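Chemist: Sequence:
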Amino acid sequence: MSEYKLDLNFYALQSMIFGGLFSAVWEKSITSSNIIAAFAAAGLHFFEPSYMLSKFQIHPITPPEVLQPITPTTIEEMRVLMKQVNQHQHQISSDLHRVIQAEENIALDKAVLLIENEYLQKTLNEEGKHCKHGKAMRLLDSSHLFKAQFFSSTKAQRAHEINAVNEAVKESEQICKKDVKLQHTILKKQKKEALTEQRIVREATCQITAQLRDGDRAARTTKQKLDIEDRAAKKVIEQQMRQEKAAARVQA
Numbered sequence: 001m002s003e004y005k006l007d008l009n010f011y012a013l014q015s016m017i018f019g020g021l022f023s024a025v026w027e028k029s030i031t032s033s034n035i036i037a038a039f040a041a042a043g044l045h046f047f048e049p050s051y052m053l054s055k056f057q058i059h060p061i062t063p064p065e066v067l068q069p070i071t072p073t074t075i076e077e078m079r080v081l082m083k084q085v086n087q088h089q090h091q092i093s094s095d096l097h098r099v100i101q102a103e104e105n106i107a108l109d110k111a112v113l114l115i116e117n118e119y120l121q122k123t124l125n126e127e128g129k130h131c132k133h134g135k136a137m138r139l140l141d142s143s144h145l146f147k148a149q150f151f152s153s154t155k156a157q158r159a160h161e162i163n164a165v166n167e168a169v170k171e172s173e174q175i176c177k178k179d180v181k182l183q184h185t186i187l188k189k190q191k192k193e194a195l196t197e198q199r200i201v202r203e204a205t206c207q208i209t210a211q212l213r214d215g216d217r218a219a220r221t222t223k224q225k226l227d228i229e230d231r232a233a234k235k236v237i238e239q240q241m242r243q244e245k246a247a248a249r250v251q252a
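Going by the UniProt record's numbering, 200 is the number at position 200 of the sequence shown; the sequence numbering is gapless.
Check before you lean on any hint, since a few could be wrong.
Claimed, not checked - Pair ranges (Cβ atoms, derived):
1) Ile106 - Gln183: 50 to 60 Å
2) Gln183 - Thr123: 32 to 42 Å
3) Leu113 - Arg199: 51 to 61 Å
4) Ile35 - Lys55: 52 to 62 Å
What the hints assert, rightly or not - Taking lysine-lysine and the DSS-like style, the derived pairs with C-alpha atoms no more than 25 Å apart in a straight line are:
5) Lys245 - Lys235
6) Lys192 - Lys181
7) Lys177 - Lys189
8) Lys181 - Lys170
9) Lys235 - Lys223
10) Lys188 - Lys177
11) Lys192 - Lys178
12) Lys178 - Lys189
13) Lys110 - Lys122
14) Lys155 - Lys170
15) Lys191 - Lys177
16) Lys225 - Lys235
17) Lys191 - Lys181
18) Lys178 - Lys191
19) Lys192 - Lys177
Worth flagging that the hints you see were computed from the coordinates, not collected in a lab.
Here the structure is a predicted model, which is why all the values come from computation and not from measurement.
We put the CB at the ideal spot given by N, CA and C, even for glycine.
The task is simple: from the sequences and hints, build the whole structure.
Modeler: This is how it looks when you write it as structure tokens:
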């Protein structure tokens, strides 16, 4: 037990001695100058922007090469030129002149291409009209497709005749279809004209009926006015006659 107490006293004494030494060392070593020096030794310099900026290697910006102005001929070159116009406002007049020239050239090229395409399309259409394709004669025997087959002139002539008949039938069918379509168009037009005439007649009839109705109404109104005037005149005459009779009785 006594040895244990001695050990505790020894440790307590050591702690007191260490605390006193540590506080003295802390006060002397942990200062702002020592902290800055420690960071500087590691390459970190606080509160010195000029020193930190000097560490960066700043290369001077070299001006771009002055290129010979070229009139743009494509859309990409036009876009590049527009960017240059936005970036270099002091060259606006010359750049606009180049833009105008480029637009004129593009417009001329487009006009030439349109004319060439038009003539090319006309040529192709004319060639297509004059080009004639052969008709299938159907002389091959389907059961001997992979064998040599020979055709007589009689068989070929008969095939030509059959093709001619088929062509005639096809043309007659097309003519019939055109006739039916024409008849349908004529009937449709006649029906439309008949409906238009009926509408005109109906409108005229309605107008005449309205006029007659207005005339009858005016005649009835006039007759009513005349009847009222006649009754009023009769009343006046009767009143005058009564007055005359009354005057005659008074005189008698």
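Chemist: Compare the structure with the hints numbered earlier in the document and write down the numbers of the violated ones, lowest to highest.
Modeler: 4
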